[in-house]
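Can you make the complete structure from the sequences, with help from the hints?
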Amino acid sequence: MYLLAMIFVAILSNNIVLSQFLGICPYLGTTKRIETSVGMGLAVIFVMVMSAIVTWVIDLFLLQPFSLEYLRTIVFILVIAGLVQFVEMVLKKTNPALFQALGIYLPLITTNCTILGVALLNVQSEHNIIETVVYSLATGIGFTLAMVIMAGIRERLELANMSNYLKGAAVTLVSAGILSLAFMGFKGMVTL
Amino acid sequence: MELTLSMVIVGGLGVFFAGVLAYAAKKFAVEEDPRVELVADLLPGANCGACGLAGCSSAAEKIVAGEVPVDSCIPGGKKVADSICEVLGLESVASEGRKVAEIRCLGTKDVAPDKFDYQGVRDCKAAMMYSGGFKACTYGCLGLGTCVEACPFEALSMGANGLPQVDTEKCTGCGVCAKACPRNVIHIELADKKAKYIPCNSKASGKVVRQACEVGCIGCRACVKACPNEAVTVENNLAVINREKCTDCGKCVEACKRGIIKDVGTVLVLK
Chain E
274 MYLLAMIFVA
284 ILSNNIVLSQ
294 FLGICPYLGT
304 TKRIETSVGM
314 GLAVIFVMVM
324 SAIVTWVIDL
334 FLLQPFSLEY
344 LRTIVFILVI
354 AGLVQFVEMV
364 LKKTNPALFQ
374 ALGIYLPLIT
384 TNCTILGVAL
394 LNVQSEHNII
404 ETVVYSLATG
414 IGFTLAMVIM
424 AGIRERLELA
434 NMSNYLKGAA
444 VTLVSAGILS
454 LAFMGFKGMV
464 TL
Chain V
-19 MELTLSMVIV
-9 GGLGVFFAGV
1 LAYAAKKFAV
11 EEDPRVELVA
21 DLLPGANCGA
31 CGLAGCSSAA
41 EKIVAGEVPV
51 DSCIPGGKKV
61 ADSICEVLGL
71 ESVASEGRKV
81 AEIRCLGTKD
91 VAPDKFDYQG
101 VRDCKAAMMY
111 SGGFKACTYG
121 CLGLGTCVEA
131 CPFEALSMGA
141 NGLPQVDTEK
151 CTGCGVCAKA
161 CPRNVIHIEL
171 ADKKAKYIPC
181 NSKASGKVVR
191 QACEVGCIGC
201 RACVKACPNE
211 AVTVENNLAV
221 INREKCTDCG
231 KCVEACKRGI
241 IKDVGTVLVL
251 K
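Those protein sequences? They're chains E and V, same order as listed. Note that the first sequence ends on residue 465 in the working numbering; no numbers are left out. Note that the second sequence ends on residue 251 in the working numbering; no numbers are left out.
Worth double-checking, as some hints may not be accurate.
Listed next, with one range per pair, are the computed distances between beta-carbon atoms [said to hold, decoys possible]:
1. V:Pro49 / E:Leu432: 34 to 40 Å
2. V:Gly(-1) / E:Tyr438: 39 to 45 Å
3. E:Lys440 / V:Ala45: 57 to 63 Å
4. E:Thr367 / V:Leu(-17): 38 to 44 Å
5. E:Ile297 / V:Gly(-8): 48 to 54 Å
6. V:Ala2 / E:Gly450: 45 to 51 Å
7. V:Asp21 / E:Leu430: 33 to 39 Å
8. E:Val421 / V:Lys183: 41 to 47 Å
None of these hints come from the bench; they were simulated from the model. As the structure is a computational prediction, the values presented were derived from the model and not from experiment. Just so it is clear, CB atoms sit at the ideal spot from N, CA and C, and this is done for glycine as well.
This is the structure in structure tokens:
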């Protein structure tokens, strides 16, 4: 039950992009077309789960025993960057089809703040390993959801008739704000 | 003590990952055909998609693998095809002259009126959904610039007269605009030959054309009779000049009652 609540919170009521305002850069940068946003979203889910597990293990066995928690940020950055590089190489060799699909998005999200954010949130909220996996998976799904909705909106906005001063970045930011407001409706429905 | 420990742990992790990555780079190295990169460098790199493949890099892979012909790149034309042949050690292929986009419509607002006032989305494809477009002529250019948006080389622009203009220097003849145009007004044609052409796309009967447009081809066949080289044919009420046969003699221009036969490559700006 706790895990179900956690999934609901991570996807809807405390969405990583729309409520926690992490990962705004890919949210605005790669949502011009639905296809690209799906590709980006899948790559984020993949990397997020993987890096959350590895950072959780490193935190438990390397940082906590020596009470070096204050080093979390820098160590996690190092670990995530190295890990994504490594996985990219392995994928290219062993699974070219998946590499083609995730392609350019993998290196893009090496330094994505959602990935680091989730890794840090996991250890700060003292999740166990199952909760870590579930939380990062659900957060990744929430991220993809926000991306796809935004891409759908922007594809329509492309064709909309509007005044010149609103076009482009202005209307994108306005719609991002309204979308975030809409997701506020989920606030308080479930408490952890 | 704590300082040393943190240095050892962060430094150790760094060295560890460096080692793993160095090992992985060797162990998981993917061998690529060096010719793919050479061919990719020769291609224009605009990823226009005129070849029907995903982009220039995938075209390069397919060309090297021999899955598609070396002259698949339409914008690159003969020049690119020849240099690719050089890299791959093949005989160079014969290819035709340079082709560019040609707008086959003269129907500005003054001469080809609208049948209703359109206030919808500024896009030709969207406009087509409202009873087949707002123009009285159902074959002419709607002038909302879908082709201009589509052009990957910025060779098209919207003229002051409301019709798209082709910059023949920038145009590579890739045909993306021709595919984007919902009314098939744009044709890809040989650019550098001196010849005449008829900038009209209307396949409606002469009577209908007269009502809808002052500068439409009515299919009267005066040009067919005037042409000494049998270069002009009328099909579906529309005269078309065969560019191969045309000798640019100009007899059809004199014969045309509508005065719409023009020189190839002239930028069309009407009165």
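Next item on the list: Could you check the hint for me, namely that lysine 440 of chain E and alanine 45 of chain V are 57 to 63 Å apart, CB to CB?
Entry: For alanine 45 of chain V against lysine 440 of chain E, whose Cβ atoms are near 43 Å apart, the range 57 to 63 Å is violated.
Note to self: Assuming the hint says 33 to 39 Å, is it satisfied by the Cβ distance from aspartate 21 of chain V to leucine 430 of chain E or not?
What the structure shows: 37 Å, holds
Margin query: Range first: 41 to 47 Å. Now tell me if the beta carbons of valine 421 of chain E and lysine 183 of chain V are that far apart.
Written below: 43 Å, holds
Item checked: Supplied distance hint 38 to 44 Å, evaluated on CB atoms of threonine 367 of chain E and leucine -17 of chain V -> At roughly 41 Å between Cβ atoms, leucine -17 of chain V and threonine 367 of chain E fall inside 38 to 44 Å, so the hint holds.
Next item on the list: With 48 to 54 Å as the target window, see if isoleucine 297 of chain E and glycine -8 of chain V comply at their CB atoms.
Entry: Given a distance of about 34 Å, which is not inside 48 to 54 Å, the answer is violated.
Notebook entry, point to check: Is it true that glycine -1 of chain V and tyrosine 438 of chain E lie within 39 to 45 Å of each other by Cβ?
Noted result: Violated, since glycine -1 of chain V and tyrosine 438 of chain E (Cβ atoms, about 55 Å apart) do not stay within the stated range.
Check: Between proline 49 of chain V and leucine 432 of chain E, is the Cβ distance one that fits in 34 to 40 Å?
Finding: 37 Å, holds
Next item on the list: Please test the hint of 45 to 51 Å on the beta carbon pair from alanine 2 of chain V and glycine 450 of chain E.
Entry: For glycine 450 of chain E against alanine 2 of chain V, whose Cβ atoms are near 46 Å apart, the range 45 to 51 Å holds.
Violated hints, in rising order: 2, 3, 5; the structure is consistent with all others.
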